[in-house]
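Asks: Two chains, two separate frames, one set of hints: put the complex together.
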Amino acid sequence: MDNLDEKIKNFPEPEFPKGLHGKIMERIAFLRFRTPFIIVTSFLVLSLMVSGWRIYLHIGDNDGFAVIKALLEGFEFNVDYLNDFWDVISNTLPLWSIAIFIVNAFLTVYVILVSRHLRKLSSFKS
Amino acid sequence: MLQKGNEQEGLVAQPGDEQAIIKRAQKGDAYAFEQILFRYEKKIFNYSYRLLGTRHDAEDATQETFVKAYKKITSFHSDQQFSPWIYKIATNTAYDILRKKQTRRENSLDDPKVDAAETIAELSPYKIMERTADLELALHQLKPIHKTVLSLYYWDDLPYQNIAEILNIPVNTVKTHIKRAKEQLGKIMSRKR
Chain A
-12 MDNLDEKIKN FPEPEFPKGL HGKIMERIAF LRFRTPFIIV TSFLVLSLMV SGWRIYLHIG
48 DNDGFAVIKA LLEGFEFNVD YLNDFWDVIS NTLPLWSIAI FIVNAFLTVY VILVSRHLRK
108 LSSFKS
Chain B
3 MLQKGNEQEG LVAQPGDEQA IIKRAQKGDA YAFEQILFRY EKKIFNYSYR LLGTRHDAED
63 ATQETFVKAY KKITSFHSDQ QFSPWIYKIA TNTAYDILRK KQTRRENSLD DPKVDAAETI
123 AELSPYKIME RTADLELALH QLKPIHKTVL SLYYWDDLPY QNIAEILNIP VNTVKTHIKR
183 AKEQLGKIMS RKR
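Respectively, the protein sequence lines represent chains A and B. Take -12 as the starting number for the first sequence in our numbering and just add one per residue. Take 3 as the starting number for the second sequence in our numbering and just add one per residue.
Source of the hints: derived by calculation from the structure; they are not laboratory data. Mixed in with the good hints, there may be bad ones.
Unchecked claim - Not everything, but these chain A residues come out facing chain B in the computed CB check (under 8 Å): (1) Glu0; (2) Phe3; (3) His8; (4) Arg19.
Since the structure is predicted, the reported quantities are computational estimates derived from the model, not experimental observations. Every residue gets a Cβ at the ideal spot worked out from N, C-alpha and C, and that includes glycine.
The shape of chain B in the complex, shown without the other chains (with noise of 0.2 Å):
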């Protein structure tokens, strides 16, 4: 362990050296990696928890991306941005937890107990209390493509282009879904009301 808790600014990448932390990462150079990591890691936790809803998950799917960067980080190029690239890792396995979440819940209905303890803990006045606001529960109700454009355009702010890049998707295609994620997240939240 080098150094912990990302608060420690001094030890942040600035955008300049970025690729020259990353070149040293790729020769197996652990505190390289580790600043990439000061400088990602609540950035991918955040998005980990717009997209998956809950801390432990966020936080199982934020250890989950940087081991994959760390083992795939050689295959990186230097023409490419880093950005797009962690987030596109950091996506893939929020999908992977969600799918293993989906197929537990499928299978779960065959055990009426479970089920009906999940519900519980779903719609208790005490979860929702604990939710920050209304825009928390109705981000959780879209699809995970509207909740994933919606994350990367408006709280990581990335272009349409680097949002294209990590989703494999046309850019027209990216906007259409953050209209389409927008009007939803609209409705639900009129609902509410």
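Pulled out of the complex, with its shape left as it was, chain A reads as follows (with noise of 0.2 Å):
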């Protein structure tokens, strides 16, 4: 048993994983922000429903859907129809809640991807 012993303890040991540290480090960087990064997203998805609702109640009450098909349907390609166009189109559409929905479309999106990469990073790879 005393050779056992000695066996047991000479038992050599592996090596340690080259960047073990670091992934272990970027999980617990990541548990750290996790909390506000829930926030954040949620504050995000909610403001993109509420603003999508808003631009669309908008576009409904001012009969936007009509003024762009008629836009459409009589269609010129020239200076003053173009002009004409983009007066009834800034007139009936909310530009700015249209671009700030769009960015916040964008950022719903990345925020998302990254949510994905941080699922990947806390769960249990088995």
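Replies: Encoded structure:
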């Protein structure tokens, strides 16, 4: 049994994997920012839904869908028509809201992609 | 990322200041937690490797152990010893992985292709030659509890009392497990000769 004790004690240890320390620290860094990240994502998604709904209501109230349809049906490619087209569009559609909505949508997609990466890092790989 | 590589001896905490470092880590200091990581990552990796038998599983178990430790660090009491605490987390994590592997193996019994592939991989001469010694092969044939007690006692140099604390069993049971594990290991190795 003493021989066995000796063998057990002299059992070679595996080499510590390169990069494992970094991977652990990366996961810990993500964990630290998880709560603020979830809060920001929730606000972003909520804001996207609310602004989308408001744009829809605004266009509906101003009969925007019918106006756009009429403009497209009688579309002519000349400077006067394009000027009129722009005037009607800018008066009917909430352009700033739409711009903010688009930025918001891009941010949301970005955050979803990052959160997928996060989930991969924080899930139990087996 | 504060520092990379476990070889940075200058950052490794000395035993005396371990409690101070833990207190800082409990307050959310990531640098302090990294000092704990420097001190224990190699030990936990080696321990996980001995329990699980593959580098890949040992890597996963080590990552998971330290992530759990980070999440639970506030529940660590200063009157406790840190070493048994972290080993307890590592043991539970390794057992979780073993349980998952066991379930997967049972589920794959219906699929003869998967089963055959695993058997070949386990028994191929190449795989066996990869192993450093008969002892390693024999070790992997032991029951998880026997691997655990041998590992904690011989390689991690933990006293019976700490092993008992980690496994939630009486000290005498630890002694019995060690005795049985050695007998079992001796039997497996003599069968191989």
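Asks: Is the hint on Arg19(A) kept, meaning its closest Cβ partner in chain B is under 8 Å away?
Replies: 7 Å, holds
Asks: For the restraint on Phe3(A), tell me whether the closest CB of chain B is nearer than 8 Å.
Replies: This hint holds: Phe3(A) lies near chain B, its Cβ roughly 5 Å from the closest one there, short of 8 Å.
Asks: Using Cβ atoms only, decide whether His8(A) comes closer than 8 Å to chain B, and label the hint accordingly.
Replies: Where the cut-off is 8 Å and the nearest Cβ of chain B is about 6 Å from His8(A), the hint holds.
Asks: Can Glu0(A) be said to touch chain B, with a Cβ gap under 8 Å?
Replies: 5 Å, holds
Comparing the model with each earlier hint shows no violations; every hint is respected.
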